[in-house]
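J.: Chain A is fixed; fit chain B onto it per the hints.
Protein chains: 2
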Amino acid sequence: MSQAPLLLRVLSGETTQRPPVWFMRQAGRHLPEYRALRAKAPDFVSFCLNPEMAAEATLQPMRRYPFDASIVFADILLIPKALGQDVRFETGEGPRLGALPSIESMRERTADAGAALAVVGETLARVREALEPERALIGFCGAPWTVATYMLDGEGREDRASARRFAYERPEQVDALLDVLVEASAHYLAMQARSGAQALKIFESWAEGLPDQLFERLVIRPHAKLVARLRELGVETPLIGFPRGAAASAEKYAAAVPVQAVALDTACPLEVGKRVQAKVAIQGALDPLLLRAGGPELDARVEELIEAWGKGPYVFNLGHGILPDTPIPHVEQVLKRITGAGSR
Amino acid sequence: MSQAPLLLRVLSGETTQRPPVWFMRQAGRHLPEYRALRAKAPDFVSFCLNPEMAAEATLQPMRRYPFDASIVFADILLIPKALGQDVRFETGEGPRLGALPSIESMRERTADAGAALAVVGETLARVREALEPERALIGFCGAPWTVATYMLDGEGREDRASARRFAYERPEQVDALLDVLVEASAHYLAMQARSGAQALKIFESWAEGLPDQLFERLVIRPHAKLVARLRELGVETPLIGFPRGAAASAEKYAAAVPVQAVALDTACPLEVGKRVQAKVAIQGALDPLLLRAGGPELDARVEELIEAWGKGPYVFNLGHGILPDTPIPHVEQVLKRITGAGSR
Chain A
0 MSQAPLLLRV
10 LSGETTQRPP
20 VWFMRQAGRH
30 LPEYRALRAK
40 APDFVSFCLN
50 PEMAAEATLQ
60 PMRRYPFDAS
70 IVFADILLIP
80 KALGQDVRFE
90 TGEGPRLGAL
100 PSIESMRERT
110 ADAGAALAVV
120 GETLARVREA
130 LEPERALIGF
140 CGAPWTVATY
150 MLDGEGREDR
160 ASARRFAYER
170 PEQVDALLDV
180 LVEASAHYLA
190 MQARSGAQAL
200 KIFESWAEGL
210 PDQLFERLVI
220 RPHAKLVARL
230 RELGVETPLI
240 GFPRGAAASA
250 EKYAAAVPVQ
260 AVALDTACPL
270 EVGKRVQAKV
280 AIQGALDPLL
290 LRAGGPELDA
300 RVEELIEAWG
310 KGPYVFNLGH
320 GILPDTPIPH
330 VEQVLKRITG
340 AGSR
Chain B
0 MSQAPLLLRV
10 LSGETTQRPP
20 VWFMRQAGRH
30 LPEYRALRAK
40 APDFVSFCLN
50 PEMAAEATLQ
60 PMRRYPFDAS
70 IVFADILLIP
80 KALGQDVRFE
90 TGEGPRLGAL
100 PSIESMRERT
110 ADAGAALAVV
120 GETLARVREA
130 LEPERALIGF
140 CGAPWTVATY
150 MLDGEGREDR
160 ASARRFAYER
170 PEQVDALLDV
180 LVEASAHYLA
190 MQARSGAQAL
200 KIFESWAEGL
210 PDQLFERLVI
220 RPHAKLVARL
230 RELGVETPLI
240 GFPRGAAASA
250 EKYAAAVPVQ
260 AVALDTACPL
270 EVGKRVQAKV
280 AIQGALDPLL
290 LRAGGPELDA
300 RVEELIEAWG
310 KGPYVFNLGH
320 GILPDTPIPH
330 VEQVLKRITG
340 AGSR
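Line order of the protein sequences matches chains A and B.
The opening residue of the first sequence carries number 0 in numbering that gives the first Met the number 0; numbering runs sequentially from there.
The opening residue of the second sequence carries number 0 in numbering that gives the first Met the number 0; numbering runs sequentially from there.
Same shape as in the complex, but just chain A (with noise of 0.2 Å):
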């Protein structure tokens, strides 16, 4: 096959005879096999930072199912991490961050961002080798918004409100987070793309609950600038942007920002993705609850988002990253319908 990975021709803005398929959290803990590999690591971070493990976590649902895409196995906050701040697992209980370090200090930081990370540019090289060449492989990062309300949270609150407070209360200190966080996301994923990485996805996992003036602020601009920097250090590799819980602000985020296709979660109601669609690529929007649930009405959700979607450029996903507890029938169920073929 000489033709490019379907994933990258949907990415250039071609309608594919079936969309690509591949799901957000396919390597992790609904495979056993994953499961496996993770008793075997100390903790959490020092897993992602092992470039033999992390590959070997990237493969295993590439040799499990016939996705048409791998997707790095990494962590939003080995950002954070790389600027200096402590960044810990605790089992059970989500990510827990140390003193933010100063300004000054992360600044000094980012241009090595890429550097401090080069095991993540180990374990794409290593996936690359592996993968057959019409399977595409996906680089990405935390979205500087997302990864700053860690930062400033300390820790994953559901709603955000300290780290919205304070965008209001100490608009300077958060601009200027911001902006570190575009220059160091921007070396970082310049890296993974010298590394292997064919495709680049931004996670913007906390834009939701953003009042106008605050997604301009917090997602749009900062999003623009990471893929204006992202394109001076000559990086030409296609983005996927992620404004996670702002449907009703998807079409102005695809206007505003360069980005060759805009994810939608689960929430997007399939009008809003046709018109985000008359502008960009769109990737999504299966629920993650539903693929869970399985049976007939799964498959109708299928379709209809191929129906709905399909007849523009359409990378098929989840809206939101896959449940552990998904049994993996469930998920040849729903690639056998789009592939036509359940498993490998």
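In case anyone wonders, no lab produced these hints; they're calculated from the structure.
All the pointers check out, no bait thrown in.
Part of the chain B face toward chain A, derived, beta carbon under 8 Å:
no.	residue
1	210
2	212
3	265
4	267
Glycine included, C-beta positions come from ideal geometry on N, C-alpha and C.
T.: Relative to the frame of chain A, chain B by itself:
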């Protein structure tokens, strides 16, 4: 003054010279007089069900501030209580609900839900008696799905995942529960209208995260049924629907549910609000975190909202409840800008 209260004029489709204004949770913990009153009741449910105390709580912000409307002090979880489910509020923990009664036993109680909660009617009557005629009195209920999430979860978890899971995995049970809640809420709201409520608000606090088919099934359909049932019961009172967290579906909601106003949340973009306003009156959507932060940015956003939405039928409000640690001068700052006076 012979004119109808400003709120009711807007709910009849009129564009008023300035928007009427009230704040979600205006009666509550941000007021020292509320905290003193609340301390006199043994627990939150007893407080809500004591008409003297609840009326006093309702009236406290009306004495202090020039709000155009008052909303009865009550709780959305009085309905499960009226249907026979145990409801407790643990201090600092949120609500805890007992085992879900059988659908049959709850169905038998629906017609009496108004009578079972007659104390809320007594609160309304007391408030209506004390309130100036140019200030409107609002009654409310939780929307069926939102109330169902608490009844199914047994508590208020952030992501409603187990309730959404039930919606997929036990659709008959969830749909039957929604029907019971539609019927009970219709009788409850009808009783409130008879007791002096001049507008009724349906709070869908958990409309977020729902894909098309669930939004249709869990939000639009039960709301439309509830409105139809209220009209069948002879209630002509104007209705405000609040599908919180679903700004991307607000237009669809406004087209499908015949309410007189749609309340919009903090994250609703200005342009989406304008599109909804082409169909019905709108209410919202100042960020409570910005109200708490105060300063010139608060003034700027108030101006922006009035500029964008004040040219059509518009009720000024927050996009979510006022936060307990909101400084009173910030509330006065907003009210002064809108009504010309910060306090009474």
